[in-house]
Amino acid sequence: MNTTPKIIAFCCNWCSYAAADLAGISRLQYPGSVRIIRVMCSGMVHPEMVLHALDKGAEGVMIIGCHLGECHYINGNEMALARAEVIADTLEDMGYESERFQITWVSSAEPERLAEAFRAFCGRLAILRGELADISDSQDSRF
Amino acid sequence: MSLPRLSFEWLHACCGCEVSLLDAGDDFLTLVSQVEIVHCPLLLDNKYQRDETGTLQLPQADIGLVSGGVASEEELELVQAMRASCTTLIALGTCATHGGIPAMRNQWTTQETLQTVYAYGSDEASLFPTKISTPLDRVYAVDEHVQVDWLLPGCPPTSAAIVGMLTGLLDGNPGKALTKSVCETCPTRRGAKGQGGVGRFLDNATGDPQKPLTEMVCLLEQGILCMGPVTSGGCGGKDAPLCLRARVPCRGCYGPVRAGSNPLLDMLGALASNGIDHRSMIDRKSLLRFSGAHGMLKPLRKRR
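Those protein sequence lines, which keep their order, are chains A and B.
Following our numbering from start to finish, the first sequence increments by one per residue and tops out at 145.
Following our numbering from start to finish, the second sequence increments by one per residue and tops out at 660.
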């Protein structure tokens with residue numbers, strides 16, 4: 003079994019893909035199981051693309067766009083955000099845990115933030131697999 | 357010259373599609389005079405035969421019509437026998453093309469469904485039947501198991517649609533499936549975007565029912581949930597969509613516009629990106645009430 007969960011990351015051309023570029027140039031470390039797909043805007047990622055990725059065997063899907071208010075197409079990421087709620091809600095209906103999807107904002111100058119988002123998401127999926135103990139749960143049980 | 361042979365079979369369905377064909381009246385009588393019906397459980401008493409190897413045998417036919425989805429071992433055997441015995445196979449009605457109402461059970465496991473439907477218990481008085489055919493793990497559309505040549509969705513398809521398709525096939529010109537949405541065939545007035553929320557299908561539309569449909573405001577804009585944008589059009593033939601003619605919203609019986617697209621996700625996505633709160637919708641899973649096959653509805657995996 004693969005040790006790291008396969009992740010499909012839809013990165014927008016203007017911010018997050020540029021950040022991924024910069025992360026590469028800066029030699030930042032993030033899990034190699036992340037597969038980045040460049041899209042022109044996070045707002046063009048149809049919910050079905052997310053579902054399709056999961057149906058085809060991805061363990062998690064991320065949509066990464068520009069910070070809210072900084073979209074190259076003015077409000078594309080706001081549409082992505084509106085749809086993200088739909089995706090999170092309906093993934094449960096479709097038989098997937100809502101944790102398998104995440105939407106994040108990263109500007110082109112924040113490669114560390116991107117790498118950190120990838121690592122955190124990987125960790126979340128590992129918890130879902132049961133490979134890592136859920137730290138938040140164990141903390142809760144103490145109180 | 358022998359007449360073209362027609363064969364009908366029903367699977368996991370309610371018989372509404374066959375009744376819709378009978379409703380055609382004179383057109384049905386004309387059709388019957390042009391064909392020979394060799395197998396039809398609704399109309400003919402035809403015994404099911406098995407050959408020496410135990411394979412189910414159905415009469416050979418030129419055109420076969422199958423209504424209903426595939427939900428049990430028995431129905432799987434029937435649909436395979438139909439495919440083997442018919443030159444052209446038509447999936448008739450939404451259950452056959454997209455799973456239909458019975459496929460709503462795909463949101464639970466077979467075990468859960470059985471326990472819900474039948475009194476289930478360890479005592480001897482348990483009403484769980486022992487003689488029903490083994491249920492499959494979920495309800496399948498016909499084209500998930502055998503190759504289908506034509507799809508005719510609708511719950512039920514109108515008499516005119518069925519007769520039209522059959523006479524078209526007999527003439528060698530079955531026509532093309534419409535790839536437009538219900539909205540593209542809908543004459544209601546559209547202008548502004550919708551309001552904050554969506555009401556239920558049961559809410560009354562506003563507008564004078566005496567006036568033509570072209571003067572009624574789009575139901576989605578009125579705040580009533582209408583599946584038109586994500587549903588394949590063509591139910592009304594060349595006229596307005598059937599449900600809209602009755603001034604009620606489209607319920608999505610023709611299945612998704614594009615093969616394989618998910619009406620629930622499409623509809624909620626469309627609402628959300630237009631600023632409508634999708635959480636105002638009651639029982640959103642029922643948007644898949646007609647399209648639960650093809651793996652659209654799945655039981656939730658158990659969290660680890």
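Do not take every clue at face value.
To be verified - With a cut-off of at most 27 angstroms between alpha-carbon atoms, the simulated DSS-like pairs for lysine-lysine come out as follows:
(1) B:532 <-> B:567
(2) B:487 <-> B:403
(3) B:532 <-> A:58
(4) A:58 <-> A:8
(5) A:58 <-> B:641
(6) A:8 <-> B:536
(7) B:641 <-> B:654
(8) B:532 <-> B:594
(9) B:536 <-> B:403
Hint data in this document are derived by calculation from the structure and do not stem from the laboratory.
Structure-based check of all given hints:
{"no.": "1", "hint": "B:532 <-> B:567", "result": "violated (32 angstroms)"}
{"no.": "2", "hint": "B:487 <-> B:403", "result": "holds (20 angstroms)"}
{"no.": "3", "hint": "B:532 <-> A:58", "result": "violated (31 angstroms)"}
{"no.": "4", "hint": "A:58 <-> A:8", "result": "holds (11 angstroms)"}
{"no.": "5", "hint": "A:58 <-> B:641", "result": "holds (22 angstroms)"}
{"no.": "6", "hint": "A:8 <-> B:536", "result": "violated (36 angstroms)"}
{"no.": "7", "hint": "B:641 <-> B:654", "result": "holds (11 angstroms)"}
{"no.": "8", "hint": "B:532 <-> B:594", "result": "holds (13 angstroms)"}
{"no.": "9", "hint": "B:536 <-> B:403", "result": "violated (42 angstroms)"}
Violated hints for the displayed structure, listed by number in ascending order: 1, 3, 6, 9.
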